[in-house]
Amino acid sequence: MDLYISAAISGVAVGLLYGMIGFAIVMLYKSTGVANFAQGTLATLGAFVAWALVTDAGLPLLAAVPIALVASGVFGIIVYFLVIRPRASAGNLNITVRTLGLSLLLLAIMEWRWGALAPYRYPTIVQGEGIQIASVVLPAQSLLIAAVAAVIMVLLWALFRYTRAGLSFRALAEQPDTARLLGLRATRLSAATWGLSAILGTIVGVLLAPSAFLAPAMMEPYLLFTFTGIVLGGLTSLPGALLGSVIVGIISNVTIVAFNLEAGVLVVFVILLIVMLLRPQGLLGKQEAVRL
Amino acid sequence: MIIGDAKNRTLVPSLVIAGGVTVVGLALPLDTTLEYTLIAAVAWAIAAIGLDVLVGFTGQVSFGQAAFVAIGAYATSALRIHAGFPTPLAVVVGVGITGVIALLLGSIVVRYRIFGIAVATLFFGYLTVTVLMGDVLRPVFGGANGLAVPEYELVGSHGKPYLLLTCVVLLIVVFVTCSLTDSQTGRALRLVKTNEAVAAAAGIRVRRMKMLSFTYCCVLAAIAGVLYAGVVGYLGPEGFGIKQSVNIFAMLVVGGAGTVGGPILGALLVTILPGYLLRDGHVSAVVFAAVLLFFLILLPEGIYGLLQRVGAWITRMVPALGRFAARRRSARVRRVDHDPDAATTVVGGASRVVDETTEAEADIPALEVDGVEVTFGGFVALSDVDLRIRAGSVHAIIGPNGAGKTTLLNAVSGLYVPSKGDIRVFGESTRGMPPHRIRQRGVVRTFQTPAIVPDLDVLDNVKLGLDADEKGSFWTDLLGRLATGRRERALEAEAHWALDAVGIDESRRALLAKNLDLSEQKRVEIARGLVGHARLLLLDEPTAGLSVKQMESLGATLKEVHRRFGLTIMVISHHIGFILDIADEMTVLDYGRVIGNGEPAEVLARPEIAATFMGVDAEPVEETAGTEGS
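These protein sequence lines are chains W and U, in that order.
Read in order, the letters of the first sequence are residues 10 to 301 in this note's numbering.
Read in order, the letters of the second sequence are residues -5 to 624 in this note's numbering.
Same shape as in the complex, but just chain U:
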């Protein structure tokens, strides 16, 4: 459920768009209606930018954004009118109230799949209008008669001063939002968008991130509401219904999701086209819906994507521009110092691990699995599995398809909860621990299909691995590189160090991850695991889909990593040669049970194990008799 790729480093283009609107709006002599429409469009643009963070960057959805615009507008206005709050205080409290409501609603809806979030937000939008219309709150909000909004001090309610205020707020919102989406928090949101299970295993608190994104989205809606209330001078509930929520969503779609700047263009088109150019209500409603469908079907990347394609075409046509763009791209990689010693001293990365595991914990097993059972409904995926992995060893797990290998990794990383038994990591039971807490204890895993963010560059993907250990702050992330630059450089140095360790060429590190080949993507995922304080690395089929040569080189990389950092590695693979090459010990699973354990070559020599693998019934295998499987 993803609405296309999100864009990276949106700050400059988005500021150009917002600045362009500001300059054109202030410079041109606009008639009153157009000026009014433009101010309204900019206000809606702010709400649409909020929605972009939720949809374009987090992969969630809200069909009730207009309701939060309404709550911000109504709360602020009611506080000014009835409680006599001075305007700035009323705005702060009004926006704050919206944020709290968003947080409460968000804490419930983020537990659900997208379907539920869509339905709940749509319903909330309908409910908000119903309540605002109703008799109970009529004394406060005016019911169907609406609420007259007094002019704001200093800027009035229309004209150039008010337009200037609206545009300044827009510029600030653009800056803050671009900073956020390009920060550590933004990267985490994008991993959540890519795959929630992967994000959880990478140490990200998925629900919290979704709540944060939802609240941010609604707070921007409230700010839009404050600006909108001023320019319309009158609030009526019917203007904030389901239709308007879809309107805001349309601004996002038309402008381009995952771009920050795009929704501004979308808001201008969606507001000015029907509101100013086509004044007939019926015609404009039909045209609006048709425009939305046109973009969804034929131009899903929106105006922003279209402009970007035009830009790329021009760059291709004009060679000098192309060279300039290439220089800028590679400058990002070369600028930083990626001396491995410097990297580890800056962040204090994985080098520390060597001492910890080799000296203090040599006797404690890295992983103990005791009588674990995992069931799905009536199906028993793992039954009474015992496993012990010595700290500092490489332990392979093999078994036919459906034997429960990945299920075992999922149980260890906390994605599945065993119905029986216990799992201990470095002596500590993980019972009841959510995945991100297990990750914090140094358990890092990769997935069968590379689980990296396709539309994020390689370096940023690796930085994601530090999320569990090097907590940044959401608030500094809003301030942009001025506040986070030092941290980012440190993270970058560590990411370079990890990419060196897995052998990703420097020239490939500024590419979007989706442009790498499969073996590189797997290495990037391993690098993401390495940068954190990894102590136990769980690799799910790192060799699947690789050529023999790639496999050999991956094996060499793993051995090197294992030797240098004293990591414990648990690896699933189907390639016996690969396992014999790297593993110290091996466990064989079949039908959810352990059927063999020991030194790899010795285990493979046992006749019953050979039978399981070659599909030859050399001898009847008692362990598997009578069990069920698919």
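Bound conformation, chain W alone:
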């Protein structure tokens, strides 16, 4: 039983990680109508960059991670201008497929550079046993994840609540066309959203790699779990993405501990289908008005 309780607790932690990239995906989806399928690969790339700074350049992890965060932010903006921005009129599906193409490209490059020896053991930022409450252990990594997630959420909340850029973004997400007509700089905001998405990805990649082991395709199942969390949360709801992801994190973790990864994948897929069948608007989403 204790095993399941600690699985559930670390499930909350990984759920928060899914929630963070889910947050990035929903942000982009709301403001541009594009589902970013490259979000997982961006996370892996960030983790690899930090890792390369440690192993190749000999930097301590605590120095490598901030550099990787800045680099990924810049990279996200470059990606936006090279891959997403040109011919943006081609339609959302076209651009969504571009993110898949981007994902394949990044994956191919990572396989080329690092694939042969993968997976790698990944250093953790915090060491130690963690805290023990009664007979249940809270691992240090899970506590770190929870702390980081809390800080990020507060920062994002403050960003959206109090800064000009954050308010503009919300306007763009709620009413993209009106916001553009009102003169919001949609290009700049979209570029910034891509930068922010890549940074969030790197944070998640660095925190997830110690338990997932670093490999180019590391994020594949987690990205799918994230998408399920988003659908469960209601697709366009930012708090929903977090809530749905945590629920998916707990359920998948417990199933994986009880059975194996395959069972975890299967159970999450069944959750996805059940949500689509019975509650297509998700937990916190808006119901669609039109009946077909």
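FYI, nobody ran anything at the bench for these hints, they're computed from the structure.
Since the structure is predicted, the reported quantities are computational estimates derived from the model, not experimental observations.
Treat the hints loosely; a few may be bogus.
Said to hold, decoys possible - Pair by pair, the computed Cβ-Cβ distance ranges are:
#, chain 1, residue 1, chain 2, residue 2, range
1, U, 94, W, 290, 24 to 34 Å
2, W, 288, U, 380, 32 to 42 Å
3, U, 17, W, 183, 53 to 63 Å
Unchecked claim - Pulled a few chain U residues facing chain W out of the computed Cβ check, cut under 8 Å:
#, residue
4, 114
5, 120
6, 371
The beta carbon of each residue, even a glycine, is placed where N, CA and C say it ideally should be.
Here the structure of chain W is known, so what remains is to put chain U in place on it, guided by the hints.
Showing chain U alone in chain W's frame:
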């Protein structure tokens, strides 16, 4: 979420492409590797053509196509190996199993927006590989070790005989798919792609169409799987992962979506370039992704679109060719007999309506709206609306922006479900009826912005209006014009009749609908409504964006239609002159409530109505006090 225009009449160019591949492949002396790669490419092309029906023609998406290739390949092979099925039976059952799985998955995912379909199919692809890799099914599918596929009888597993088999299957698939996309079913899919709400109101069963398209897509994947299994001789789960699903999607993008023939070219490029020309795995993976991005960004219409543009350029350069093309285009319109009497006798169209409405149902109102309320979340869009439209009358609905006029039409046509009240059409309650069933009862509507299929020609757009009444069969639609020609001619005759009625010139009927001007597009939409057994025509702002002259001529058309066919018309308009010209009665909405009803000129003369419209607060208007609105 549409990936460009779909092409019409793809049969000839697509057969030329498939035939060209067949002839070149069989005639040239190919080395073993190239031959193998070519067979694999043709097999993938079949899966990509399936995806084209779903993406290019239906506007949906699947990122898990490789999983269905895997299921077809694995199921067929396992049945041959473990159950000892003879090959033909194993193929039929294997493909059938894939179809059933597709139908089950499809029935769930089509309820969702594209985002959900993309995620669910991607996830399904990952899950399929995970399950095939796993230990549970290892005795059947060999787990990570894979499954050795025994040679097929007669054709073996490689060489010219196997290439011939693969190409023959390709040719059949091309023929069937082109026939399907160019049929009544195909037109319905394309209206679904254009706008699902419009399709539903036009009598199309949207979910069913999406399921059909998804299943067709997956069945072709399974057929591809059977052919692929034979040539590789070994099935390993890792070859069917997310990467391969994206590969198939890339074939579609590179070749050109909505073309049928294009994905064949895409499959050749995407398979032969990395697989044969660049043998280094890492280089080819990078090149592949770069090629995909190149096409998505710079050449989204794909190789097919590029070839078509080159063709158009040549036609322009060589005047004789241009004249030939123009003759062929107009031949399509002139060939048919569009004598109105012949048209109505062939299909038994709208002329019948006159008798029904004028005699039997004169006393029953065409439409009764009783205390209807429609809410969105906390916002009350319509509140306690009562309305009665006499059969055979023209009834106008007016009101300021946001008054709930379109919401009322949506409620009548079944797109919105009222939270209170009842709506009766010719005496029959529509409570709980989906839009297509309401359409079957003769309720036809147009939309504020013309909701026609932009990349379909005018005649085909009008034929869509018959979908609710003249059901064709999906299976005959697969057989092409040999099977559907008679029907198509009958539909065409009726479409011509309706286009005559709304005054669209014959020379304009072979044009793509997007090339018409706004007033013509609105007329085409009305014609689409007329061809069916329309009894109650709902027009949402038919006059918006029209010039005074166009408005007058539209008014004349409507009066003519109304007189000749005894239709009941409910029309929303902002143009008072237009309404006074055509309407017998009028209802005024404001803030979701009825604030006036009666003979148009009389109602407009009331001071409180004038205040609402002129924005003058002549007198305080009690009805609107205290209500909310945006």
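### residue 371 of chain U as an interface hint toward chain W, with CB separation required under 8 Å
holds, 7 Å
### Query
Does residue 114 of chain U meet its interface restraint, that is, does its C-beta lie within less than 8 Å of any C-beta in chain W?
holds, 6 Å
### Query
Okay, residue 17 of chain U versus residue 183 of chain W on CB: inside 53 to 63 Å?
Given a distance of about 57 Å, which is inside 53 to 63 Å, the answer is holds.
### Task
Confirm or reject the claim that residue 94 of chain U and residue 290 of chain W have a C-beta distance inside 24 to 34 Å.
29 Å Cβ-Cβ, so the 24 to 34 Å window holds.
### Query
Under the criterion of a CB-CB separation shorter than 8 Å, is residue 120 of chain U in contact with chain W as hinted?
It holds, given that the least Cβ distance between residue 120 of chain U and chain W is near 6 Å, below 8 Å.
### Query
Given a hinted range of 32 to 42 Å, is it respected by the beta-carbon distance of residue 288 of chain W and residue 380 of chain U?
Because 34 Å falls inside the window, the suggested range holds.
Hint compliance for this structure: every hint is met.
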